[in-house]
Amino acid sequence: MLLEAAKLEVAYGGIRAVKGIDIAVDSGELVALIGANGAGKTTTLKALAGMLPWTAGHGSFDGKPLREMPLHQRVRQGLVLVPEGRGVFARLSIAENLDMGAYARRDGDIAADMERMYALFPRLKDRRTQLAGTLSGGEQQMLAMARALMARPRLLMLDEPSMGLAPMVVELIFKTIRDVSAQGVTILLVEQNARLALTISQRAYVMESGLVTLSGKASDLLDNPKVRAAYLGE
Amino acid sequence: MDTLLQQIINGLIQGSLYAIVALGYTMVYGILELINFAHGDVVMVGALVTYTVFSFAAAHGMSAGPALVLAVAASIVVCVPLGLFIERVAYRPLRRAQRLAPLITAIGVSILVEYAAALIWSKQYLSLPELVKPTPIQIGGASTSDLQIAILLISLLMMGGLLWLIKYTRMGKAMRATAQSHDLAGLMGVNVDQVIAFTFALGSALGAIAGVMQILYYGIGHYLMGFMLGLKAFTAAVLGGIGNVQGAMLGGLLLGLIESLASGYIGDLTGGVLGSNYRDVFAFLVLVLVLVLRPSGLMGQKSGDRA
Numbered sequence: 319m320l321l322e323a324a325k326l327e328v329a330y331g332g333i334r335a336v337k338g339i340d341i342a343v344d345s346g347e348l349v350a351l352i353g354a355n356g357a358g359k360t361t362t363l364k365a366l367a368g369m370l371p372w373t374a375g376h377g378s379f380d381g382k383p384l385r386e387m388p389l390h391q392r393v394r395q396g397l398v399l400v401p402e403g404r405g406v407f408a409r410l411s412i413a414e415n416l417d418m419g420a421y422a423r424r425d426g427d428i429a430a431d432m433e434r435m436y437a438l439f440p441r442l443k444d445r446r447t448q449l450a451g452t453l454s455g456g457e458q459q460m461l462a463m464a465r466a467l468m469a470r471p472r473l474l475m476l477d478e479p480s481m482g483l484a485p486m487v488v489e490l491i492f493k494t495i496r497d498v499s500a501q502g503v504t505i506l507l508v509e510q511n512a513r514l515a516l517t518i519s520q521r522a523y524v525m526e527s528g529l530v531t532l533s534g535k536a537s538d539l540l541d542n543p544k545v546r547a548a549y550l551g552e
Numbered sequence: 033m034d035t036l037l038q039q040i041i042n043g044l045i046q047g048s049l050y051a052i053v054a055l056g057y058t059m060v061y062g063i064l065e066l067i068n069f070a071h072g073d074v075v076m077v078g079a080l081v082t083y084t085v086f087s088f089a090a091a092h093g094m095s096a097g098p099a100l101v102l103a104v105a106a107s108i109v110v111c112v113p114l115g116l117f118i119e120r121v122a123y124r125p126l127r128r129a130q131r132l133a134p135l136i137t138a139i140g141v142s143i144l145v146e147y148a149a150a151l152i153w154s155k156q157y158l159s160l161p162e163l164v165k166p167t168p169i170q171i172g173g174a175s176t177s178d179l180q181i182a183i184l185l186i187s188l189l190m191m192g193g194l195l196w197l198i199k200y201t202r203m204g205k206a207m208r209a210t211a212q213s214h215d216l217a218g219l220m221g222v223n224v225d226q227v228i229a230f231t232f233a234l235g236s237a238l239g240a241i242a243g244v245m246q247i248l249y250y251g252i253g254h255y256l257m258g259f260m261l262g263l264k265a266f267t268a269a270v271l272g273g274i275g276n277v278q279g280a281m282l283g284g285l286l287l288g289l290i291e292s293l294a295s296g297y298i299g300d301l302t303g304g305v306l307g308s309n310y311r312d313v314f315a316f317l318v319l320v321l322v323l324v325l326r327p328s329g330l331m332g333q334k335s336g337d338r339a
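The listed protein sequences correspond, in order, to chains A and B. Its first residue numbered 319, the first sequence is counted upward by one per residue in the working numbering. Its first residue numbered 33, the second sequence is counted upward by one per residue in the working numbering.
Since the hints were derived computationally from the structure, they do not count as laboratory data. Beta carbons are placed, not taken as given, at the ideal position from N, Cα and C, and that holds for glycine. Mixed in with the good hints, there may be bad ones.
Claimed, not checked - Covered by chain A, according to a simulated footprint, are these stretches of chain B (three or more residues, beta-carbon under 8 Å):
| hint | region |
| --- | --- |
| 1 | 207–215 |
| 2 | 222–229 |
As the list claims (entries may be wrong) - Some chain B residues flagged as far from chain A (calculated, every beta-carbon gap over 10 Å):
| hint | residue |
| --- | --- |
| 3 | 130 |
| 4 | 171 |
| 5 | 174 |
| 6 | 299 |
Said to hold, decoys possible - Calculated Cβ distances over 10 Å to all of chain B for the following chain A residues:
| hint | residue |
| --- | --- |
| 7 | 390 |
| 8 | 414 |
| 9 | 457 |
| 10 | 465 |
| 11 | 490 |
| 12 | 497 |
| 13 | 499 |
| 14 | 546 |
| 15 | 547 |
The shape of chain A in the complex, shown without the other chains (with noise of 0.2 Å):
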């Protein structure tokens, strides 16, 4: 497994928001985290990505112990967190957001991948020169995406990556995340959007009041009454 994780407990401000979950990640997969709000689903994002200290538990990334490994480490190691409402760097330039994502790397193809990016996202490279702040919502999340893959991620995850958008510019984002998938990057995407992030992924946990409730292979999460019921207004 890429990544594990094994009675991972986050608390924080005396709530325990995730009570004890086990959550693996194998190479190449796509892996979604679905639930209902205040579940647990960014708070176990953010303990993954290093933002938030575990309270118990332990796991790895690629082998290597991750409960006390620092969050800028993490990065170097190639766990890479898109963060919930975007989080680009208002007052920096679309490039320098860019060159910001390649913080961590050391090797010198950078600004063939910015060329990259670009072709993935054209209206980013019409853009390059203004501050990110100035950016409309879904230009902001194709930014977030663009930078994180910047990084070269191994693992990427992903939060909300549709929360507030436009239909046509979520069929955007998640025509990237498969094609990201597709080149072999591994994803965690933790989506509201249940019926979508379920179409695009292999496996799916569903995490109900800090616990993982359900999981299985996506398309028998799609089939499956409760989930119907519950997360896909059925």
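Since chain A is already given, all that's left is putting chain B on it; use the hints.
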């Protein structure tokens, strides 16, 4: 004598020193939203280390050149670890505390550094041995010296170097990213603790050189000299827009000019009632006016623009 030109020259020289010290305040504020009140005292330490080096040099018959090099090196060697120590001990443990807590430790550390300096250098006014003998230079009707011109040029050079570092180096990019969001910078693989420590080290190195130049300019050092200098530099940073590096440079130069021009003309304007000893009043008048009329400073963003 041409008063106007003279006051402009004086103002630019003192202003460039304000600017260098203001950079130390504004860089730390940009990254931590913290006012490092001890920064002025780091500058004082740089000045008093220069006093010690010059006393030693004078006693051993050293000439001005080597003494200057030694003074700059020694004050950097003392001030950079001092700045790092202040960050590590007074600010880092409180990074997630309420905003008032680090403000109080900042004042505490400032007092601590001042009285440690009093123990080392006494509470006397210390006059710098006259190793460096400035050659007077006449410009128009005003007089200055090669030393003063050198202070101005070195300050401008340091400002240019700093702008370059922030814009083009890897560490500079990390600093700008960290200033916008610690979490987001961390997600890019930036070691945020290291960037913050570097910011303190850089500010302290600039402060050390400012301290050397300050004592060379006035010829007198004192363990409390960092207090007023620090307040003025802080005012300059606020005038330019605290957190904004170019703003600190502009604010420093402007404050120096305002002070100098105001103190040069206040006698004439008030018919001799107020004299140039009211000079300090203007700096703080500027501070009050900026806070009332344009709290974000000349080049600062409104706080809502922050990422």
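Evaluation of the provided hints:
Three residues within the 8 Å Cβ limit are the bar, and the region 207–215 of chain B against chain A gives 5, so the coverage statement holds. With 3 residues carrying a beta carbon less than 8 Å from a beta carbon of chain A, the region 222–229 of chain B meets the three-residue requirement, and the given coverage holds. With a closest Cβ-Cβ approach of about 15 Å to chain A, residue 130/B is found to remain outside the 10 Å limit, as its non-interface label requires. For residue 171/B, the non-interface assignment is confirmed: its Cβ lies about 40 Å from the closest Cβ of chain A, beyond the 10 Å cut-off.
For residue 174/B, the condition that its CB be more than 10 Å from all CB atoms of chain A holds, with the nearest at approximately 41 Å. A cut-off of 10 Å between C-beta atoms confirms that residue 299/B is not in contact with chain A; the least separation is 45 Å. Once the 10 Å rule is applied to beta carbons, residue 390/A is inconsistent with being away from chain B; the minimum gap is 5 Å. With 10 Å as the threshold on Cβ separation, the claim that residue 414/A sits away from chain B is violated: the shortest Cβ distance comes to roughly 7 Å.
Look at residue 457/A: its CB is around 16 Å from the nearest CB on chain B, clear of 10 Å, so calling it non-interface holds up. Non-interface call for residue 465/A relative to chain B: violated, since the shortest CB-CB distance, roughly 8 Å, does not exceed 10 Å. No beta-carbon of chain B comes within 10 Å of the beta-carbon of residue 490/A; the shortest separation is about 23 Å. Remark: the non-interface label on residue 497/A is consistent with the geometry, its nearest Cβ contact in chain B lying 22 Å away (cut-off 10 Å).
No beta-carbon of chain B comes within 10 Å of the beta-carbon of residue 499/A; the shortest separation is about 21 Å. At the 10 Å boundary, the C-beta of residue 546/A stays outside the reach of chain B, the nearest C-beta of that chain being 35 Å off. With a least beta-carbon separation of about 36 Å from chain B, residue 547/A lies farther than 10 Å from that chain, consistent with its non-interface assignment.
In summary, the structure is inconsistent with hints 7, 8 and 10 from the numbered list given earlier, while agreeing with the others.
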